[in-house]
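**Q** For reference, the chains in residue letters:
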Amino acid sequence: MSTLNVMVDSYLTPKLKEGETVDLSLFQPRERTNIRLYGLENKDWTPADVFEYKCKWKPEAEVVNIRGSLDKAQAWCKTHLYMQDWEIIRHAMPDDSHNVLFKNGPEAMLFRLSLVTF
Amino acid sequence: MTTTISETRTVRISEASKLIVKAFSKKRPVFLWGPPGIGKSELVDGIAVSEVLGRTLVIDMRLALFEPTDLRGYPVPDVANGVMQWLPPADLPTQEVAQEWDTVILFLDELNSAAPSVQAAAYQLILNRRIGQYKLPDNVVVIAAGNRETDKGVAYRMPKPLENRFVHFELRVDFTDWLNWAVDNNINADVVGYLTFAKNDLYNFDPQSSSRGFATPRAWTFASELLEDDDLPDSLTTDLIAGCVGEGVAIKFMAHKKIAGDLPNPTDVLDGKVKTLDTKEVSAMYALATSLCYELRERNQRGEKAKNLDSYHKAFSNFIGFMLDNFETEMTVMASRIAMQNYKLVPKQDKIERFNEYFERYGRLVLDA
Chain A
0 MSTLNVMVDS YLTPKLKEGE TVDLSLFQPR ERTNIRLYGL ENKDWTPADV
50 FEYKCKWKPE AEVVNIRGSL DKAQAWCKTH LYMQDWEIIR HAMPDDSHNV
100 LFKNGPEAML FRLSLVTF
Chain B
0 MTTTISETRT VRISEASKLI VKAFSKKRPV FLWGPPGIGK SELVDGIAVS
50 EVLGRTLVID MRLALFEPTD LRGYPVPDVA NGVMQWLPPA DLPTQEVAQE
100 WDTVILFLDE LNSAAPSVQA AAYQLILNRR IGQYKLPDNV VVIAAGNRET
150 DKGVAYRMPK PLENRFVHFE LRVDFTDWLN WAVDNNINAD VVGYLTFAKN
200 DLYNFDPQSS SRGFATPRAW TFASELLEDD DLPDSLTTDL IAGCVGEGVA
250 IKFMAHKKIA GDLPNPTDVL DGKVKTLDTK EVSAMYALAT SLCYELRERN
300 QRGEKAKNLD SYHKAFSNFI GFMLDNFETE MTVMASRIAM QNYKLVPKQD
350 KIERFNEYFE RYGRLVLDA
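Chains A and B supply the protein sequences, listed in that same order.
FYI, numbering that gives the first Met the number 0 numbers position 28 of the first sequence as 27, with every residue one higher than the one before it.
FYI, numbering that gives the first Met the number 0 numbers position 330 of the second sequence as 329, with every residue one higher than the one before it.
Simulated from the structure, these hints should not be mistaken for laboratory data.
Backbone N, C-alpha and C define an ideal beta-carbon position, used for all residues, glycine too.
Where hints are given, some of them may not hold.
[Claimed, not checked] Between beta-carbon pairs, the in silico distance windows are: (1) A:Thr20 to B:Ser310: 17 to 23 Å; (2) B:Arg360 to A:His90: 31 to 37 Å; (3) B:Glu162 to A:Ile88: 40 to 46 Å; (4) A:His90 to B:Glu329: 31 to 37 Å; (5) A:Ile87 to B:Thr328: 44 to 50 Å; (6) A:Tyr52 to B:Asp309: 30 to 36 Å.
With the rest of the complex left out, here is chain A (with noise of 0.2 Å):
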C-alpha cells in the first residue's frame, strides 16, 4: 500500500458513515477535528463527553489480548474505528500484555482477524 493511500485511509480523514458526506471547511477547527476523530453526530463533544461515554461501554466491552505490536494495534484502531469506541490498556495482565477493550464485538473480530495470530 502507498503511502499515500495510508494517508488518505489514516485517522486524519474523516470516518464518515454510508451516504454521509462532509465540508470540513465549513466548521470550526475543533469541531474539524471532532469530526475526524468521533465522527460527525458527535462534533460538540468535549474530553469528558468521550469520558464519560467509555465508562459506559467499558463494563460490556469485548477484550482482545495482545503480545507487543501495541504500535500496529493502535494505527489499525485509529484507521477503522472512531476513537471513542475502543481503549488499549497497556501493560495490563502479569505478563506485560494489552488489553485492547471495543465497544462493538464485529470491530473485535476483524481486529482479531487482522492483527493478531491464532
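Start from chain A and add chain B according to the hints.
**A** Using the frame of chain A, we list chain B on its own:
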C-alpha cells in the same frame, strides 16, 4: 513451573527474525543452523526488505570459495615505505559503501562448508570485526548460516572457538510461517491449498533417504514457479513436480490438482455469478479459498488505482457470502485471516450484505480462539 531443557532448542523463522534483530542491536554475530531448503537465506533477505534495521544492504559472501589467505588480502609492495600492504577482498564492505546504508549485513552463507582453515581465518573478522589492516565499518553486522552435520550437506565441524563467537539459533519449519510467506509471494494457489490440507508434506527431508527429490519450502517454491504456465500434459507435470518434491508427494499433489481444476473461476465467485460449490474435497476448497484471496487483493489494488472501491466492496461482499454458504469454519477463518492479516483488506461492515450473519456465526469463535 518447570522448564524443559533440550539439547537443541529450535525457533520458528518468524521468531528468529526478532532474535536476530535483538542480537544485531548489540552487534553480536548470529549463526543460523538448519536443514537444507527451509529458508535461512530468505530469512536474511526478509530482514533487509522489511527495513526493520533501516535501509539495509546484504552482502552474501561464501567463504567456501575462499583460501585462508584470501581473507587477509592480496599482498602489494609499498616500495616507498618499504612495507607490504594487503588489499582486502572486494566482497568486504568499504567505509564508502557502508556510509550509503543504515545497516550492512555481511551474510556468510554456508560458513561451515568452508575448510576449517578458512573458518579459523574468519575468527578475527567475526569477533574482533577486523582482519589484518581491514576493519569492518560500524554499521556492519555479521550473520552466518549453515547446514547441520546430520543433514548430509557439505559441512565441516565448526571449530569450538569459532562456535563460541556466535549467538546460535537452530531453525525449524513451521507451516503458519510458510503460509504467511507464501500468500505474500503469490505462491501457486494449488500448492498453498494442497499444503494447507497436507501440512506434513511441506517438509519431509530425511537425511537417511536416498531419494534426490524431497519436499522443503524451497522445493515447493520451485514447483510453484514451474506450475505457472501449466502448459504440459499431466504425466509430464507429475514428473516435473516429482523432480522438485519427490515422487510420493508429487502423486498426491497431482491428485489434488486434478480436483482443483474443476473448481469455479475465482473471478466468477467474486462477481457473484457462482454461488455454490459442488466439490467438498477439502484440499481443493483450500486452494479455492487461497485463489479468492489473491483475486480479492487484485480487485483492491485495481480499485485503489482507479480511486473507486465500489467493485472491490461488492467483491468482498460476495467473498463473505460464498464462504458462508460453502466453506467449513476452519477454511473461512483461514481465508479471512489471509485477506485481513496478510493483505490488510478490512471489510467495511456496512458494505457487506451478510456481515451480521458472518459475525453471528464466527464472531464468538474468533474472539475466544
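**Q** Against each hint, give a clear statement of whether it holds in the structure.
**A** Hint check:
| no. | hint | in the structure |
| --- | --- | --- |
| 1 | A:Thr20 to B:Ser310: 17 to 23 Å | 21 Å, holds |
| 2 | B:Arg360 to A:His90: 31 to 37 Å | 34 Å, holds |
| 3 | B:Glu162 to A:Ile88: 40 to 46 Å | 44 Å, holds |
| 4 | A:His90 to B:Glu329: 31 to 37 Å | 33 Å, holds |
| 5 | A:Ile87 to B:Thr328: 44 to 50 Å | 29 Å, violated |
| 6 | A:Tyr52 to B:Asp309: 30 to 36 Å | 32 Å, holds |
Going through the hint list in order, the structure does not satisfy hint 5, though it satisfies all others.
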